[in-house]
Each structure stands twice: as C-alpha cells, then as structure tokens.
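S.K.: The residues making up each chain are set out below.
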Amino acid sequence: MKELQPLFNFDEMATKNANSNGLTGQNIISVDQFDRDKLDYVFARAREMRELVQRVGGCDLLKGNILTALFYEPSTRTSASFIAAMERLGGSVIPITQGVQFSSVSKGETLADTIRTLEQYSDVIVLRHPETGSAQMAADYASIPVINAGDGAGEHPTQALLDLFTIREELGTLDGLKVAMVGDLRYGRTVHSLTKLLLQYNVSLRFVSPEILRMPLSIMNQVIDAKVNVRETHDVADVIENADVLYVTRVQKERFSDLSQYEQVKDQYEITTELMGQAKEKMVIMHPLPRVGEIHYNVDKDPRAAYFRQVQNGMFIRMALLAAVLGKA
Amino acid sequence: MKELQPLFNFDEMATKNANSNGLTGQNIISVDQFDRDKLDYVFARAREMRELVQRVGGCDLLKGNILTALFYEPSTRTSASFIAAMERLGGSVIPITQGVQFSSVSKGETLADTIRTLEQYSDVIVLRHPETGSAQMAADYASIPVINAGDGAGEHPTQALLDLFTIREELGTLDGLKVAMVGDLRYGRTVHSLTKLLLQYNVSLRFVSPEILRMPLSIMNQVIDAKVNVRETHDVADVIENADVLYVTRVQKERFSDLSQYEQVKDQYEITTELMGQAKEKMVIMHPLPRVGEIHYNVDKDPRAAYFRQVQNGMFIRMALLAAVLGKA
Amino acid sequence: MKELQPLFNFDEMATKNANSNGLTGQNIISVDQFDRDKLDYVFARAREMRELVQRVGGCDLLKGNILTALFYEPSTRTSASFIAAMERLGGSVIPITQGVQFSSVSKGETLADTIRTLEQYSDVIVLRHPETGSAQMAADYASIPVINAGDGAGEHPTQALLDLFTIREELGTLDGLKVAMVGDLRYGRTVHSLTKLLLQYNVSLRFVSPEILRMPLSIMNQVIDAKVNVRETHDVADVIENADVLYVTRVQKERFSDLSQYEQVKDQYEITTELMGQAKEKMVIMHPLPRVGEIHYNVDKDPRAAYFRQVQNGMFIRMALLAAVLGKA
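Residue numbers (my numbering), protein chains in the order written: chain A, 28 to 356; chain B, 28 to 356; chain C, 28 to 356.
Derived by calculation from the structure, the hints in this document are not laboratory data. Worth double-checking, as some hints may not be accurate.
No copy is singled out in the list; a pair is fine if it fits within one copy or between any two copies.
[What the hints assert, rightly or not] Taking lysine to any residue and the SDA-like style, the derived pairs with C-alpha atoms no more than 20 angstroms apart in a straight line are:
{"id": "1", "residue 1": "K307", "residue 2": "G117"}
{"id": "2", "residue 1": "K280", "residue 2": "F335"}
{"id": "3", "residue 1": "K90", "residue 2": "F37"}
{"id": "4", "residue 1": "K90", "residue 2": "E30"}
{"id": "5", "residue 1": "K90", "residue 2": "F35"}
{"id": "6", "residue 1": "K90", "residue 2": "R77"}
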C-alpha cells in the first residue's frame, strides 16, 4: 500500500458547545422531567429557532449529527416534524418511518438489539412505539439520547411541550389562564401530559367530556393535590364564555359500546362559528390534529384558531430539544 | 434560568435573491403557465444546472430550504428526480413517498389539512395525487409554493417541460421540427401536455395511434385552432422517414375491450432497429419511461435514443424550477 | 427574457481528489476484488473515518454527491448503515428502501432500465436485490459505481469487509489467528465471504455446524487449496478453548426437514456465559445480526462481545468505500 495522505485536518474542524441547562446527553421520555426553569429554557431556545427559520431558514448547528427516526407505527405528522427540525439545524436523518415494513426488517430482533444497532450509526434516536414504557426501555439500553415520540398509552412529551409553548406564545403568559380541555379526556395522551405541565402554573382547569370519557383518576388526583381550581362538565357551552384556551380533541365513535349514547353527545363537542361567537375576543382554540370535523372548517379563518401555528411550534420545540440534548444549545 | 447567550448571529447569515422571471413564490400546476419567455428562462437555468452537476455535483443555493415530497401514489422515478434536484442545490427533503402507507397516517384528514400541516415544516411541497384538480386545490390552501407532480388524468407539468427541453437540447431548436407522437394518445397525460407546449413553436405534428387511442377532441381542437400542420395516422411507418422527434408511449393491453384488436395493432407500435433504419440520421427517440418492450432494447445503443438523457434533463428542469419558485434563481 | 446573471462561479467551487488505490469509479461486487494491499488501504481509510466520527461527527468530503439506496428487499440495518456513511461524509441520499412497494413503482420495468434511470440522478448506487448476479448485471449497465449490498445467495462484500476489519481492530492482527465459524455454514452468505477473505492471511479455521449445515464444497475446496489449517466439527465445545474469534450465525429451524434433528442440535449452538468461561481471555465473539437468542443476552456485558462494535465498523468501512469509489479518498 502506498503512503497515505491523511484525509482530514481535525484541528480545523472545531465544534462549539453551549449552555443546555442540563439537557446535554439526556433522554426526553416524560413531561415529568421538565420543571419551570427547564421549560423557560426550552421555550427561549424555541423562540430563537423560530427567528432562525423565519429569517434564514436553517443553519449548521447540528452539522455532522445524525438522527434516526425509528417509527414502529407510522406517524407522518410527528416524523415530518422531527425530520424538518433536524434538517433545519444542518443535521442528517436516517428515516425508518414505515411502521408496516419494519417488522420484516427486525426479523424477530428485540427492541433492545435494534436500539443498540442503530445507535452505532447515529447521535440521537427518536422512537415511536406502540408499547407503554418502550421509550424508557430503549433509553436504558442506548448510550445516546432517546426522544420519546409516543409510546402507546404512555407519553408523547414533545407534543405536550409544543402545546404549552403555543399557549404561552399566543397569550403571552401561562399564569392566570382558564384552560378548557374538550373531548376524549380518558384516552387522550396529549391532554394528560398537558395537564401535568399546566400544574406548574397558576391556572384554572375545565374538563369537558362525555361521562364515559372523563379524565382518569390518576390525573384528577394530581390536579386535586395541586390545589388547582378545576371543574368537570359535559358541555362545551358551560365553559366557552370564560375560557382563555379551548383545547379540543376528537370524541371517537369507537369508544362507545352504545352508539345511541354517541349520537346523543357528539354535537356537544363540535366547535362551530356560532359557539365561537360566545367566546372571549382574546383566546385560542387548539387541537393536536388530525381533526375529523370536531372543529368546523369555517372556524379556520378565525384568528383565534391556533392549530396550524401549533403545528409549526412543534418544529421549533423539537429544534430546541435536539440542539439541547446534542449539547449544542 | 441562567442568562442565555444567543445561538445565532443573523447578520452574518445573508441570503441572496436573483431574477426568477416572475416565478418566485408561484405554484407550478399546469403547462398553461409557461409562455415562450418563461420557457426560455427555465431552459437557460436548466442548462446552468447541468453544468453545475457535471462540474461540481451540487451547491448551497437552497441550503436551509426544505421540500416536502408528498406522494399519495408511489412514483419512484418522479420522487427520486425531485429529491435529487433539491439535494444537489443544498436543500433538504421530507420524503413522504410511500403511497400505500400514507392512508394510515392521514387518519381521515382532508388534503387541505394535510397541506396546511406540512407547509408549517417546509418551503415547497411537491404533490402527486390520484385526483384531477388536487394540485390546484392544494395550492389554493397553501401559503408556500406547490409543484404538481401529477394529478390523476390532469397534468404533470414538469414532465412536459423536461420533454420540451430534451427536444431543444438534442436538436438545437424547436422551430421547424416534425414531432411524431406514438402509442396511447388518448390517456397519455404526457403527450397532451407536451402538445400544448409545442403549439407555442412553429412545429408540425404527427399523431400515430390505434383508432381507439386517438388524441382526444379537446387537444385536437387546440391544435387545429393553432393552425399547426397536423396529421393523424395508425402506423409508425407513415411517419418514421421524416420525423425529427419520435415520442413513444406504451399501448397498454388493458385499454382494449377486444384483445384481438390489441394483437392486431401492437406490432405497429414497436420501435425496432429495422424501423430506425428508415429514420433520419439526425433525429431523437424519446419515451417518458418506464417502457415495457415498446422500444426494443437493441435500439438503446442508437445515438438517437435520448430517453435516458431525457431522465437526467428532468433533474435539471426541476432544479431550475425549485430555485425559481424559492426565489433563488 | 431578460439578461440572466449566471448563478454559479465554478472557478470558486474546487474539488479535491486523492489516492484511492485504484478504487475510483470501480464497482464493489465481490470480495474477490480485494487483495491484501487493497484491504490495507480500505482499513486505513476506515480508521480515519472512525476518528472523524468520534472527533467531529462528519465532514464535507462527499458534498454534492448523491447515493441512491435501491433496496428491492428491505434491510434496515444495511440501508441505515449506508445512509449514515454517506451523510457523515456530507453527501445526500435518495432512499428507495421499501422493498414491498418498489414493485408497484417499477411497473414491469427491467432492472437494467431502473439502474439506467436512477444513475441519471446520482453518483453511486447501492443495490440490494434477491437474485444472485443482479449486482454484476446492474454494474454492467451502469456508468456510475454500483455497490453490492447483497444479491440473494451471492455476495454481500461490505459485510465481509467489516467482519474482517473488526477482527483486525479487536485483536490487532489477522495473521496467526484461530477463527471459528459457528452455526449455519451452508446458507450463510457472510461466512462464505469472510472465509474467502481470511484465506489471504495466515489463519487457522474451525467450522462448527450441524451435519446438514456444513460449509459447501466450493468453499471447502478453496480452503483446502489454500493449504490453510482447517477442521470441521459439530460442537462449539470442541473449539471454544483455543478460538481467537468465534463468529456466530443463526441455525434456523426452517432448514431442518426433521424437527427432532433440530431439537437435538440447537443447544450445541447457543453461546452462554458458561461456555464463554472456557474461552481465552483475549478473543472476540462476533455476529452479523440480527440474533434471535443464539448468543444469550447476558453475554452482552462480556468485553469480548464485539457484535455491536462490529455494527459501527460497518459504517466506517462503507464511508471508506464510498469515498474511494467516488474518487475522494
């Protein structure tokens, strides 16, 4: 073999590190990891990310870093958001986002082995998996940060962070707000996580759901222990006049064993322009999307309809988190 | 929270804008948007893109920009072409190119909502959708440019532009040419769009098809109104000696209710080396690909066989269009 | 059309080329292409790649280059490894990695046409295809380098190179080693290719398999012709004490027509901590992964367990090969 000239001059390739408020190298598994100081930090960085995207589109902060998007269930919205976040920061992506085909790939391999394989190629893993607890398990095996993008009935912490950030950005504050959550409060992962985060602020909560879809005991007890002003009701009309935030989720027909029950209640959970006529002038309607009619399309033009801005905030929050766990923010 | 140092110095991150001939921020939905001036502009930029790729591979012109490739039907050829175009200009891609799985992702969401979600992450959306008119509908909802990559029986404008560009580059001009289109002229989206573009030039047209696959009335009437020299025939042998361009498409068995009809005609639409022996020395054979035998494989060595060069021209045209609609060309 | 300012200044966009030891522009189809000099070269470059990744994550060496990952069968591990390799070197990827859906895309197109299409967009093609010989066929048609990522029962040369590199890096040498291969030696593509590469070194070989899964004649005859010290046996216990390398593959139930035979032998091919107690202190256990139990999970903590480091070496080897065939190393 002939004498080789080295390909790289490493001295010239410096990297910079910045204050990440203790998030460097951390996993993002649950909203329980975020106290107000960490939330303030992530929101401040997310605002910088918004300015970055609006002014110049992207940067090289995460150049040379690779994110593996490992989605055992397909979720275009969430995977696209993480991919965009990584790419706008100059990083690269290994997209494994086709839930269906992944089974044939893993060939009976355990999640632990798949994680320990993919971490050899990458700097951070974003995991969507149908089983509760899978994200923590993956994090236990991985030597690189794992971000939970939804583990079954468990958590979806980046969704809760983007929801909270959206309220903060739309209304300028979190303290003192009346937040109404509407729809399926029993199975809705997003309302559970958002509620837990809101308990750190001085808010009033209104839970609006059919009887069989009421907020579960575990969450209600946390709310009560926090001595937060809270009420449960069956009708949006009860809360619409005073709500600062109307967080809407879908009431799915499949949740009802008795379909006549569903037919009775469903109209009470449709957000219409008429209903919005009773709401305050300064408030926001939010939705984790996708929606299937529970917010009428003619509400979209209402300046209080924040759900598409909420989508974009998801990208900013994920940019902030990726930069932080990779030690570059 | 500790005092944060800002991550970015925006003053240092300048962007440049250039003359885009009115295409900045525009949607690309139909060939009807392109007059000769715009065609000249796109072709001039496409030539620059070819030189860029051949000399250095790529550049940073679209760095910080993200293209969402949203394919409700899979089309490897077209999606790969757009992905390559974006990547060679330094941009990034969110690839949603698995038609089959997308349904599970959209969970009943309307196309309008999907578009308004994905535009939050990206700077341009390339859409392939089975329904005619869907691209225009998407563009109506989107606040970022939408490029139509095929909307059912509707249009596929970038295919028509690359076809026209290929003729221009292969033969040095468009005016004065005899262009023969062969095969399925009834259902072939590409021949309809190419015909419309050619009407802007001083060409003669020859349409060669089985009776049941003749050019539709709407296109024929446009041709006649343009007072172009045009003839229809059933046999390639009638046009092969004088054609400057032989644009071949596939005659699909499934179009015939009477299979004996198909068996009778199919040989008249196979391009063989024998047939090419009768053609002019300076002419081109083109095909939108994929082919399934309608051009024999031993014709591939013929220097007049332009169909793979045509594929590459597609990448150059898409590079030119992406740079233009994103205001960087 | 208004006068156009050129978009690019090509004089400023220089590219650099370096010694690639004859690999520039070459296809990587078979391990037979690699003599000791080429192996030394690839390993030296792979070590540089490891240092690059560990120190700065990535670089711009292949900026402006595009890899098409064309996987007719899905293989997350291999495709992710190539994607990461390309991205860490600053190149871009067209990911066509969903075997199942590809059929609908190719619409009856021949592999030759698909290759000649995709090469128009890209600088190198990585091909996984179920048919033996398909990689060579693709290479015959392509004018850009083709890298074989597995062609059915044929070869998977980058796997063999990463296996050999792992042995070299773990033990500091290849000469003088006792290498035991365990499990399915009949159908295991990886053990065949690794054996062929090892014949270039002064090694002893031990082949451990059930009777019906013994090393095929063609490989055995090459081993015998090379006058290498070789023995075949049915039991790992026979080789564990002296082995420097234990290369484990899975014994698949489906290979046995008589399941009682399988039940009899399977325990002899399970690597346990007890068994490892008999092995030398300085040796390595390797596995091409995925595993389904043939190495017990409590062996993972053993420092001699090299299989996840082996995964990462795959990325370094592929980085080295990509840089070499693209003329940048």
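S.K.: Does each hint fit the structure? Answer for all of them.
M.R.: Tested hints:
| no. | hint | verdict |
| --- | --- | --- |
| 1 | K307 <-> G117 | neither (41 angstroms within a copy, 46 angstroms between copies) |
| 2 | K280 <-> F335 | neither (25 angstroms within a copy, 46 angstroms between copies) |
| 3 | K90 <-> F37 | both (15 angstroms within a copy, 18 angstroms between copies) |
| 4 | K90 <-> E30 | neither (31 angstroms within a copy, 25 angstroms between copies) |
| 5 | K90 <-> F35 | both (16 angstroms within a copy, 14 angstroms between copies) |
| 6 | K90 <-> R77 | both (19 angstroms within a copy, 17 angstroms between copies) |
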